Amino acid sequence: MLSRVAENLYWMARYMERAENTARFINSTTQVLLDLHRGASFGWDVLLKVAGLDDLYKEHYATPNEADIMRFLILDERNPSSILASISSARENTRTFREVLPMEIWERINGLYLYIRDNAARATQGRSQRWEVLNGVIERRQSVIGLLMGSMSQDLAYQFLQLGRNIERADMTTRIVDVNSAVRLPDDAASAEVARERLWMTTLNALSAFQMYRQHVGVHVVGPAVVRFLLADPHFPRTVRHCLGEIENCLCDLVDYEVPMHVARHAWKRLEAMRFDNLTPESLHHELDQMQQDLGELHNAISRQYFSQRHMVNLAEQAVVTQ
Amino acid sequence: MSRFINDYPSAEFYDELIGADGQPRDASRALFDHLDALDAAGLDERRQAVDAAIMTMGVTFTVYSDAGNIDRAWPFDIIPRVMSRKEWDRIEAGLKQRLTALNLFINDLYNEQRIVKDGVFPLEVLAGSRNFRAQCMGITPRFGVWAHVCGTDLVRDKDGTVYVLEDNLRVPSGVSYMLENRQLMKRLFPELFQSSDILPVDDYPTRLHDTLAALSPRQGQRPVVVVLTPGIFNSAYFEHSYLAQKMGAFLVEGSDLVVRKDDCVYMKTISGLRRVDVIYRRIDDDFLDPEAFREDSALGVRGLMRAWRAGNVGIANAPGAGVADDKVVYAFVPKVIQYYLDQDPIIPNVPSYLCMYDDERDYVLANLDKLVVKPANESGGYGMIIGPRATPEERAAFADLIRANPRNYMAQPTLSLSTAPTLIGDHLEPRHLDLRPFILQSDKLYCTTGGLTRVAMKAGSLVVNSSQGGGAKDTWIVDMGEE
Chain C
0 MLSRVAENLY
10 WMARYMERAE
20 NTARFINSTT
30 QVLLDLHRGA
40 SFGWDVLLKV
50 AGLDDLYKEH
60 YATPNEADIM
70 RFLILDERNP
80 SSILASISSA
90 RENTRTFREV
100 LPMEIWERIN
110 GLYLYIRDNA
120 ARATQGRSQR
130 WEVLNGVIER
140 RQSVIGLLMG
150 SMSQDLAYQF
160 LQLGRNIERA
170 DMTTRIVDVN
180 SAVRLPDDAA
190 SAEVARERLW
200 MTTLNALSAF
210 QMYRQHVGVH
220 VVGPAVVRFL
230 LADPHFPRTV
240 RHCLGEIENC
250 LCDLVDYEVP
260 MHVARHAWKR
270 LEAMRFDNLT
280 PESLHHELDQ
290 MQQDLGELHN
300 AISRQYFSQR
310 HMVNLAEQAV
320 VTQ
Chain A
0 MSRFINDYPS
10 AEFYDELIGA
20 DGQPRDASRA
30 LFDHLDALDA
40 AGLDERRQAV
50 DAAIMTMGVT
60 FTVYSDAGNI
70 DRAWPFDIIP
80 RVMSRKEWDR
90 IEAGLKQRLT
100 ALNLFINDLY
110 NEQRIVKDGV
120 FPLEVLAGSR
130 NFRAQCMGIT
140 PRFGVWAHVC
150 GTDLVRDKDG
160 TVYVLEDNLR
170 VPSGVSYMLE
180 NRQLMKRLFP
190 ELFQSSDILP
200 VDDYPTRLHD
210 TLAALSPRQG
220 QRPVVVVLTP
230 GIFNSAYFEH
240 SYLAQKMGAF
250 LVEGSDLVVR
260 KDDCVYMKTI
270 SGLRRVDVIY
280 RRIDDDFLDP
290 EAFREDSALG
300 VRGLMRAWRA
310 GNVGIANAPG
320 AGVADDKVVY
330 AFVPKVIQYY
340 LDQDPIIPNV
350 PSYLCMYDDE
360 RDYVLANLDK
370 LVVKPANESG
380 GYGMIIGPRA
390 TPEERAAFAD
400 LIRANPRNYM
410 AQPTLSLSTA
420 PTLIGDHLEP
430 RHLDLRPFIL
440 QSDKLYCTTG
450 GLTRVAMKAG
460 SLVVNSSQGG
470 GAKDTWIVDM
480 GEE
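Note that the protein sequences, when read in sequence, are chains C and A.
Once you know that position 301 of the first sequence is 300 in numbering that gives the first Met the number 0, the rest is easy, because the numbers rise by one and skip nothing.
Once you know that position 224 of the second sequence is 223 in numbering that gives the first Met the number 0, the rest is easy, because the numbers rise by one and skip nothing.
By construction, these hints were calculated from the structure, which means they are not laboratory data.
Note that the structure is a prediction, hence the values are computed from the model and not measured.
Cβ coordinates follow ideal geometry from the N, Cα and C atoms, glycine included.
One should not assume that every hint holds.
What the hints assert, rightly or not - Derived list of chain C stretches under chain A, where covered just means 3 residues or more per stretch with a C-beta under 8 Å from a C-beta of chain A:
#1 86-97
#2 101-110
#3 252-258
Claimed, not checked - A partial selection of chain A residues facing chain C, derived with a Cβ cut-off under 10 Å:
#4 M54
#5 R206
#6 V226
#7 G230
#8 S240
#9 L242
#10 Q244
#11 F249
#12 V251
#13 S254
#14 D255
#15 T268
Assemble the whole structure, with the sequences as input and the hints as a guide.
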């Protein structure tokens, strides 16, 4: 597999995952905001904080308000993480390696792009239309995933897609869990309690984890249990632990995986050592920050090992693979 | 009579599907019977289905403009161009004859130059050829073949004669559209493919692969074949990717390849360097190797010529093959066929006037209003003038160009290009078209069944290039059971 192709596959998967996550997060936040207690200041700008896009937003818009934030997150091409920009990048990347994917995948990704291109404007015209259009994005993206699983050999190309998807997914999970540290709760204890529970429900919903949480953890939505579930549960597919496990599996199928594997193990160990019972908002924020850094390190290690052109040129006069 | 051709204009030109009597020709009768069976909305429905399919399949080509690069959907007409197998067989023989002779010619030019010494081909034409590469002198590639993939443009004149308009021996494109057109038509008119004997076209990628694999310097091993593309911004990128996919080859850019001190070519993979055996390059000679050709090329691979010269990698088409893809050299091809094969050309050339010769130039300048004048080395329909369509000012300006650089120009009479019925709105109108078959040669010779039919979508226009508003049709070679 060409290094350039591996890198493009990896990024394509990240962009696609990012687009779907953003769509899910907008939809679930909208649902919760509708019945949040008035005393809690849970603004739409939380969406910007999760994505780490507050600074970029301020460059282009004045005060944060629903309409502008939605425009920025859904279709603003000045925001490379907007749903439209992510899908467009994923499509452009896919163009460069159409030959390694089943033909139908390209058709679906192209179809997803045409869909969001034609409907993005509609998604900014009110909540019900937004819900519908974003759901359309999620469905179409899921059909790409389904097709990948059902029609693609689990070859090297597949591993790089998996790597990209899982790194992006783990990163997004830490960010979504981190939202809660950005929210100011109402002052009186009873309202605060209700608001807190609502917030953790949004968090679970944003990750499509609510139902699984109820089945596997319990009916009550309590902060520490939710955090433990979303970070450390081995079975739910969006937890950091599960993603790290998938990443390790992928690496095992690649060559020369020692360095990235070492970094992945390091992240895993930090997660294992984490204690969930005595978390304060500050200590949770610190832990999540560390995890994001670990994931960043992992990205760098993968990039250096498999994508780096400089690395290759140095190799040019050294060992040669004999097939 | 088919209701679709009730008011079809009577033959001002040769029409591929409709005879002089206003009736469908034998080979296209089944098609019209089928169209007649559709209800009024049926045709439009199918056209919409095709437009939607083109959109999702992402069959596009890129158009360069000041406004940036635009990805345009492939303009496709659902009425196929139909030809009988009997006629096609003769054309195919002619195309194979032509490529065989051209390859003997190129190999001779880079080696003994017998044809020049024997006075058949003038040295001054060779000296003036921009695509002659001195760096290739003394090389004989495997099988003595330089042009492994040739796209030859054929046109038909008013009397029904098929002529070769030009040979594209550098990086001819369009074959992926030929294949996609057929896919579209099979989705659209499955019934027709069951009831008529329309010959398949889809073995091309396999034949191309075999043609390339035969060039591998490491015979006996499964060769590593790559398609070398200038990248995503090239207008034919879709095709590069498509062919790599269909052949199971790697699609690479120049920066993915490196030539080591052992003069072998390697590609950069996630597990280090892997040797490359054959390069199907879709980059012009100029940009292939900054060490041998243009130093400023960022698209190519430094040292590629060294590797090729040492016999460590096969390159198709070979560097320098474009010497025969020159519109002045074209005029000599009938003599070239005679000289090497001792045969008469099966498909004639369009009569041509070379501006390098005083008497022919005088004729061209005196008859600019009747002729098409083309520069020797341009492709894509750029830099030419269609005399009868040009204004007197444009003709005067062009005459100056010719006088300034006569070797660079050749002229041909304006042919009355044939037409075929094309769906315009809800009815059929005649549109001019040509045909580009693709011929392959390495150890074996192969010719596509039919080829890419390009059609000028504007009424009366003769320009079929996709970069200038041309479209395409599927090309059906129909076996009528004749011997």
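| When the hints from earlier in the document are held up against this structure, which numbers fail? | The structure breaks only hint 5.
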